[in-house]
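Enquirer: Construct all of the structure, not just a fragment, from the sequences and the given hints.
Protein chains in written order, with this note's numbering: chain S, 1 to 118; chain X, 1 to 263.
Incorrect hints may appear among the rest.
Stated by the list, open to error - Lysine to aspartate or glutamate pairs mimicking EDC-like chemistry, simulated, CA-CA at most 20 Å apart:
#1 S:K76 with X:D79
#2 X:K83 with S:E9
#3 X:K120 with X:D79
Claimed, not checked - A few chain X residues facing chain S, derived, Cβ under 7 Å:
#4 S80
#5 N84
#6 I90
#7 A100
#8 V108
#9 L109
#10 L136
#11 L147
#12 A148
#13 V150
#14 F233
#15 H244
#16 I251
Unchecked claim - Simulated DEER-style distance windows between Cβ atoms:
#17 S:A30 with X:I183: 34 to 40 Å
#18 S:E4 with X:R184: 49 to 55 Å
#19 X:E124 with S:H3: 49 to 55 Å
#20 S:H15 with X:V211: 23 to 29 Å
#21 S:V54 with X:F214: 31 to 37 Å
#22 S:H3 with X:G111: 53 to 59 Å
#23 X:N84 with S:R108: 46 to 52 Å
Please keep in mind that the hints were generated in silico from the structure rather than gathered at the bench. Where is the CB? At the ideal position from N, CA and C, for every residue including glycine.
Each chain is listed here by its residues.
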Amino acid sequence: MSHELSLHECQKKWHGSLKSYLYGFFGSLALTAITFSLVLFEGLSGNALIYTVVFLALMQAVVQLVFFLHLGREEKPKIESMVFCFMILILLIISLGSLWVMNDLNARMMPKMEMNHD
Amino acid sequence: MSKRLRDCSPLNWATGCAKAPGLDRSKVAPYYNIGALSIVQPRELSRVPVAQFSGEQSLMIHHTADPNPDLGFPDPHQDSFSKNVLGFWIYLMTDCLIFATLFVTYAVLHGSTFGGPSSKDLFELPTAFAETMILLCSTLTSGLAMLAAVKSKTKQILIWLTLTFLLGASFIFIELSEFSHFIREGHGPQKSAFLSSFFTLVGTHGLHVSVGLFWMLVITFQLLIAGLTPATFRRLVIFSMFWHFLDLVWIFIFTFVYLLGVA
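Expert: Spelled out as structure tokens, the structure:
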């Protein structure tokens with residue numbers, strides 16, 4: 001049964017606060033600054049750089065999900081979090097599966113057939 | 001579980017049986033639940049006094065329609081506000097999958113430059129950094145607009161929304177000038193598979209931001225005409241979710257496309 005809430009009830013249902021926005025903003029700012037300076041000043045190189053930068057991006061994604069999108073703050077049953085977890089599952093299947101298949105195809109290519117048109 | 005469900009549940013019936021003298025409760029299970037009928041295995045049933053299962057009580061156990069439906073069931077997703085927010089959240093998750101497939105396409109085609117420029121030759125970090133900062137600031141101002149909406153301060157909402165709009169518009173402006181710069185140099189999307197996937201990925205994000213800009217205009221006019229009502233508040237909440245989500249996607253664009261493309 002669907003019923004309209006009053007403005008006040010709607011406002012109460014919303015989870016954000018100034019504190020969480022400032023945490024999210026300064027957290028993202030710090031993480032962005034670290035990632036950009038790592039690449040600009042070449043603090044790391046090769047695979048170590050790639051892994052660190054990707055890890056920092058994931059950290060920032062978590063910070064924004066928690067402080068901006070209020071993931072996991074809703075009342076029980078936590079349907080939004082469940083939908084999110086399901087999306088992550090599908091996302092991992094699609095992306096890792098595609099990367100696996102495409103890299104495998106590349107590896108099986110004969111050397112002369114490589115798409116190199118220099 | 002709701003009260004109504006609990007009343008129909010065979011578990012309740014089993015607990016009722018356990019009160020009979022000489023019956024071990026744990027031995028009542030297993031039982032089968034066929035629709036509204038719950039059937040205890042005959043082995044255990046024979047030990048229960050017949051009176052327990054005859055007449056009125058047995059009828060009461062097997063009824064399906066609850067004469068006193070529990071309308072106070074505390075499901076938070078029953079009002080139209082929560083339903084809208086949940087529905088929009090599910091849309092955002094599907095949008096996430098679209099971006100995931102575009103990211104994977106980009107990752108696969110990243111090296112296929114067809115003799116054209118690679119990501120190292122094209123991308124400039126200062127542009128990407130400026131775009132990142134602008135989008136991060138705009139996500140904060142949209143959040144501040146929400147905080148003003150919670151306090152019912154319409155004027156403040158409009159100020160923060162205008163700021164968000166200006167920041168979003170400057171983001172789009174920088175992105176379009178970058179695109180037009182690439183195309184003028186002859187590095188358009190038709191040049192190579194790498195550039196096609198780059199324009200598709202970043203262009204889809206830019207399209208979302210443009211839709212967000214148009215959406216902000218609509219909400220601004222609604223606020224000016226109707227003021228802050230449950231409907232306009234709901235739209236503001238949904239819009240702020242959309243805007244935060246776009247910033248979330250941008251983290252991965254600047255990491256995977258720009259930073260790792262240059263590194």
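Enquirer: Please write out, lowest number first, the hints stated earlier that are contradicted by the structure.
Expert: 3, 5, 9, 12
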